[in-house]
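Under UniProt numbering, think of the first position of the sequence shown as 1, with each following residue one higher.
Mixed in with the good hints, there may be bad ones.
In silico BS3-like pairs for lysine-lysine, Cα to Cα no more than 25 Å straight-line [as the list claims (entries may be wrong)]:
1) Lys31 x Lys44
2) Lys87 x Lys36
3) Lys95 x Lys44
4) Lys59 x Lys87
5) Lys95 x Lys36
6) Lys95 x Lys52
7) Lys34 x Lys44
8) Lys34 x Lys95
9) Lys31 x Lys95
10) Lys59 x Lys95
11) Lys31 x Lys87
12) Lys87 x Lys44
13) Lys52 x Lys87
14) Lys59 x Lys36
Listed next, with one range per pair, are the computed distances between beta-carbon atoms [stated by the list, open to error]:
15) Glu32 x Leu60: 28 to 38 Å
16) Ser33 x Cys55: 32 to 42 Å
17) Leu60 x Ala29: 15 to 25 Å
18) Thr76 x Cys55: 11 to 21 Å
19) Ser61 x Thr30: 42 to 52 Å
20) Ser61 x Ser33: 33 to 43 Å
21) Ala29 x Met58: 26 to 36 Å
22) Asp56 x Thr30: 31 to 41 Å
23) His112 x Leu57: 18 to 28 Å
24) His112 x Asp75: 13 to 23 Å
25) Arg40 x Asn89: 11 to 21 Å
Bear in mind the hints are in silico, worked out from the structure with no lab data behind them. All values reported here derive from a predicted model rather than from experimental measurement. Each residue gets a CB set at the ideal place from its N, CA and C atoms; glycine is no exception.
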Amino acid sequence: MMIHRLPSPANNTNHDDDVNVNKAKFSMATKESKLKRLERCAPKTSFMAWWKERCDLMKLSGGVDTTFICSICLDTIDRTDTIHGLKCNHAFHDKCLEQWFLRSHFHCPLCHRPFYGEPGARCYDTV
């Protein structure tokens with residue numbers, strides 16, 4: 001859940017202006033520095049390593065179906081694929097989420113929970 005603070009009369013800061021300034025700063029960063037920011041929030045991993053960790057955390061049995069679809073490209077995520085897994089438990093092909101992120105999308109494509117926020121390249125913990 002995101003909590004929005006209403007500006008007080010003494011505070012002339014406009015939230016929309018802050019968001020626009022942060023997006024402008026992000027757009028000026030290099031591709032490599034942007035991808036490093038994504039890596040801090042959602043490190044690349046193999047799908048099977050991510051899935052095993054999810055099963056352990058959620059105490060799921062080994063018989064749970066492991067067929068996943070990347071909602072960005074709509075292709076199947078294979079067991080051998082490299083993915084970015086978000087704190088909201090959604091996973092995407094690494095290249096798909098990287099392209100999503102590079103277009104200044106900082107929310108999960110499925111549930112819209114923020115996973116990255118400026119300033120300070122802070123990662124949101126939504127679990």
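Hints, one by one, checked against the model:
no. : hint                       : result
1   : Lys31 x Lys44              : 16 Å, holds
2   : Lys87 x Lys36              : 17 Å, holds
3   : Lys95 x Lys44              : 10 Å, holds
4   : Lys59 x Lys87              : 16 Å, holds
5   : Lys95 x Lys36              : 14 Å, holds
6   : Lys95 x Lys52              : 21 Å, holds
7   : Lys34 x Lys44              : 14 Å, holds
8   : Lys34 x Lys95              : 13 Å, holds
9   : Lys31 x Lys95              : 13 Å, holds
10  : Lys59 x Lys95              : 29 Å, violated
11  : Lys31 x Lys87              : 23 Å, holds
12  : Lys87 x Lys44              : 13 Å, holds
13  : Lys52 x Lys87              : 15 Å, holds
14  : Lys59 x Lys36              : 31 Å, violated
15  : Glu32 x Leu60: 28 to 38 Å  : 36 Å, holds
16  : Ser33 x Cys55: 32 to 42 Å  : 34 Å, holds
17  : Leu60 x Ala29: 15 to 25 Å  : 38 Å, violated
18  : Thr76 x Cys55: 11 to 21 Å  : 19 Å, holds
19  : Ser61 x Thr30: 42 to 52 Å  : 44 Å, holds
20  : Ser61 x Ser33: 33 to 43 Å  : 41 Å, holds
21  : Ala29 x Met58: 26 to 36 Å  : 35 Å, holds
22  : Asp56 x Thr30: 31 to 41 Å  : 36 Å, holds
23  : His112 x Leu57: 18 to 28 Å : 22 Å, holds
24  : His112 x Asp75: 13 to 23 Å : 21 Å, holds
25  : Arg40 x Asn89: 11 to 21 Å  : 18 Å, holds
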